[in-house]
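Visitor: Now for the letters of each chain:
Number of protein chains: 2
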Amino acid sequence: MSGDADRRHPVDGDIGQQEMAPSKKGAVLVDGIILNGPTTDAKAGEKFVEEACRLIMDEVVRKATDIHEKVCEWQSPEQLKQLLDLEMRDTGEPQDRLLELCQDVIRYSVKTNHPRFFNQLYAGLDYYSLVARFITEALNPSVYTYEVSPVFLLVEEAVLKKMIEFIGWKEGDGIFNPGGSVSNMYAMNLARYKYCPNIKEKGLSGLPRFVVFTSAEGAAPFLVCATSGTTVLGAFDPLDEIADICERHGLWLHVDASWGGSALLSRKHRKLLHGIHRADSVAWNPHKMLMAGIQCCALLVKDHSDLLKKCYSANASYLFQQDKFYDVSYDTGDKSIQCSRRPDAFKFWMIWKALGTLGLEERVNRALALSRYLVDEIKKREGFKLLMEPEYANICFWYIPPSLREMEEGPEFWAKLNLVAPAIKERMMKKGSLMLGYQPHRGKVNFFRQVVISPQVRREDMDFLLDEIDLLGRDM
Amino acid sequence: MSGDADRRHPVDGDIGQQEMAPSKKGAVLVDGIILNGPTTDAKAGEKFVEEACRLIMDEVVRKATDIHEKVCEWQSPEQLKQLLDLEMRDTGEPQDRLLELCQDVIRYSVKTNHPRFFNQLYAGLDYYSLVARFITEALNPSVYTYEVSPVFLLVEEAVLKKMIEFIGWKEGDGIFNPGGSVSNMYAMNLARYKYCPNIKEKGLSGLPRFVVFTSAEGAAPFLVCATSGTTVLGAFDPLDEIADICERHGLWLHVDASWGGSALLSRKHRKLLHGIHRADSVAWNPHKMLMAGIQCCALLVKDHSDLLKKCYSANASYLFQQDKFYDVSYDTGDKSIQCSRRPDAFKFWMIWKALGTLGLEERVNRALALSRYLVDEIKKREGFKLLMEPEYANICFWYIPPSLREMEEGPEFWAKLNLVAPAIKERMMKKGSLMLGYQPHRGKVNFFRQVVISPQVRREDMDFLLDEIDLLGRDM
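Line order of the protein sequences matches chains S and D. Quick note, the first sequence lines up with residues 1 to 476 if you use the UniProt record's numbering. Quick note, the second sequence lines up with residues 1 to 476 if you use the UniProt record's numbering.
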């Protein structure tokens, strides 16, 4: 590229020093700072990255996914502050000390990759997503203009197109967001913008009072938000019936399918979302059931008149110049309220490439079959009680310890049962043997919510889960 | 942990197969799906990750940062679609094909790590941040509750505390967000919430019309937003004077220091933000000048009455149970509009640990000294014209090709000069020799904006930049 001097200075052994003293030969000084040569010691830096990669392979990719290891190494906040050297000081630490710190960070972090981590709506390790994530971290792109993110913009376009196809729209638009909540916020903004396109100029104050959902109180209904796969129960709204009402009244139908959207990939289970093609917008997070890694969340919009851009465009002159030498319609960043945005679509694309549509379908089917198995086991076992028949991968159940099994299901029973799940959770976390969530919900006292996602999970882990809860709770 | 069977099945050479057929011995079937054993081939997956890590080390960490390599490998969207195999198919691709795809993704991506990438407010490669990013990608945490993110919540707390110290507040609160725009949105919400604390129950419709900035039109002013380091010019508002006005009128003062905040780490340059301790909230993005990697953006709030939580809390029962066995004040996720949130503070923490406060200061000082050098060179060279004396690391200038040098600075001159930067930009991208931004701004025709950030950048690169622009534009 040029006849410049070598970029790397020789390193004299000291890898404890983080940035090098630049060469003083023919030095140019400004404010007492030598400007010749880089101050980064590339060789030492590369060595550090290589050593850290080995640590990550050993401690996270291998060890943290091993069923014989703990899911978590519980420490209270006070203890953990003692164990970790959190303080940031005036001078830096040498690289061997930094590697020790990395090891501590990994040791005391919850192993969400572990086959017995069932605590959230994400779990497990997908090797393809992980590679995609390493690549994007190393390339450090921001997805707003084609000139700085050519590949990732085209990948996002390809992924959105495919997701739109699975929703059943002929055309559409979309964008990846940092989370389903942000996607839902976008959908509300879009619906409101469509309802009053001059809102960006006039502001909110001149407008009627808006309501979400229909209402008869003189306010202006503009949006119905349905859910495909609720967080706790995994319940699905009847989209077709809701779409009928929305059509009749000209309302925007948004479907929060952050959790349930992935069922669209399964020919067997996509009926859970029957009617989704009639929605105006859909939030769908492949980082949950499809394991694309946090975060990977799309908002998909049926409209193809560039509504996202009309609603959000800020026309930043330093990014979205119109006199560029290429087709600036590829500068899709102006569809987002963010400026910097991560190429989250790439992770999903990589998994899709690796597994194919059929492989993704298999994952969904297997997770739901394992859920089915667990439900049947819960029904068979004494002391376990299903909250309801699950529609999806959320299995909600109570564990009733022997001391409560003969008790009448009155106020005292429920008050006592309410204490059981938190107490078992404490024991399982301190033991580190598994993690699953609990919560009260709509008048029901604390119950466990088990979620199966990862293809690392086996039937044996379902048996273990029930055995372990019984073991931890039978003396209560 | 348990007496379970080995988690890994033997692999018989075929690494082209992405998920294994599970063992049929003693199989349990549900819906025709065998539930015994994992379906993930861990050995093949690990091999793939290891090979990809080698590729990343070679192609990104080493090659993409080499000054002798191109900054970008320009292809038009149409060409790039031909070159990349973007389509997602029914069946998956074998691992060697996936590695080829990864190589293509890297080849055609812009090398933001390259010492001659000056196009945005981020650049360069920080090895410590990269390691932190690899660790978080591998651990795949979401930062909302202490139970799933113990380490990263404490790290975030430590980093926020340190940033608050540098702003000059005695106490405060804060949160990391996906981008400065989101931080600014939070600040507006907080100011509005403080002004009318019943907004969450009553909604917007009963409230007076709000304005940002002071105003005399009967609307209710509630917020002044000042900027420390504008995106194009790198200009700083006089915070102390603005704070006087805000104090007098009881207005919330928010400072968008997304870009300029990092100057706080330099004893020499922090005077640019004189008065920032009087702000009510500050947005500060360590992913820009401090190279923490996209994204790493904090909103810092002076209030310490838990305003963030009061304003944003949704009390999700499945995350923020109050009957947990540990101090739930560490479950800070309810301060965010997001549910899943990435541990971005960790990247900044790692850099701070590695370089120390003094090392970070040195980076800021060196970037600004290099900027100073470039300004002086621009003044010396024929055909280069500064737009204004820079306050920070944004050097805005025109290149005036020989054919325009004798022309009077009238409408024709400016119309012709307006075409120069886009044309040179096209040539530099097609050549791949460097990247810097251009834009028109406030009545000024297209000018270049050069931003120096990375410690990989040398004085020689500043000279190269001016030589190269002259080389590319001298025939215009």
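There may be inaccurate statements among the hints.
Pairs involving identical chains hold if they fit within one copy or between any two copies, as the list cannot separate such chains.
No more than 30 Å apart at the CA atoms, straight line, and that leaves these computed lysine-lysine pairs for DSS-like [claimed, not checked]:
no., residue 1, residue 2
1, LYS43, LYS324
2, LYS385, LYS161
3, LYS63, LYS194
4, LYS81, LYS271
5, LYS70, LYS379
6, LYS379, LYS430
7, LYS416, LYS379
8, LYS202, LYS310
9, LYS385, LYS444
In case anyone wonders, no lab produced these hints; they're calculated from the structure.
Visitor: Given a CA cutoff of 30 Å, do LYS385 and LYS161 count as a within-copy pair, a between-copy pair, both, or neither?
Guide: Answer is neither: 43 Å inside a copy and 46 Å across each miss the 30 Å cutoff.
Visitor: Give the relationship of LYS81 and LYS271 under a CA distance limit of 30 Å: within one copy only, between copies only, both, or neither.
Guide: Answer is neither; intra-copy 49 Å and inter-copy 34 Å both fail.
Visitor: At most 30 Å between CA atoms: does that hold for LYS416 and LYS379 within a copy, between copies, both, or neither?
Guide: The answer is within: 22 Å in one copy meets 30 Å, while 79 Å across copies does not.
Visitor: State whether the alpha carbon distance between LYS70 and LYS379 is at most 30 Å within one copy, between copies, both, or neither.
Guide: within (28 Å within a copy, 63 Å between copies)
Visitor: Is it within, between, both, or neither for LYS63 and LYS194, if the alpha carbons may be no more than 30 Å apart?
Guide: neither (51 Å within a copy, 48 Å between copies)
Visitor: 30 Å Cα cut-off: does LYS379 pair with LYS430 within a copy, between copies, both or neither?
Guide: within (28 Å within a copy, 66 Å between copies)
Visitor: Should LYS202 paired with LYS310 be assigned to within, between, both, or neither, using CA atoms and 30 Å as the limit?
Guide: both (15 Å within a copy, 29 Å between copies)
Visitor: Is it within a copy, between copies, both, or neither that the alpha carbon of LYS385 lies no farther than 30 Å from that of LYS444?
Guide: within (13 Å within a copy, 71 Å between copies)
Visitor: How do LYS43 and LYS324 come out at 30 Å by Cα distance, when the copy is not named: within, between, both, or neither?
Guide: neither (38 Å within a copy, 47 Å between copies)
Comparing the model with each numbered hint stated earlier shows that hints 1, 2, 3, 4 do not hold.
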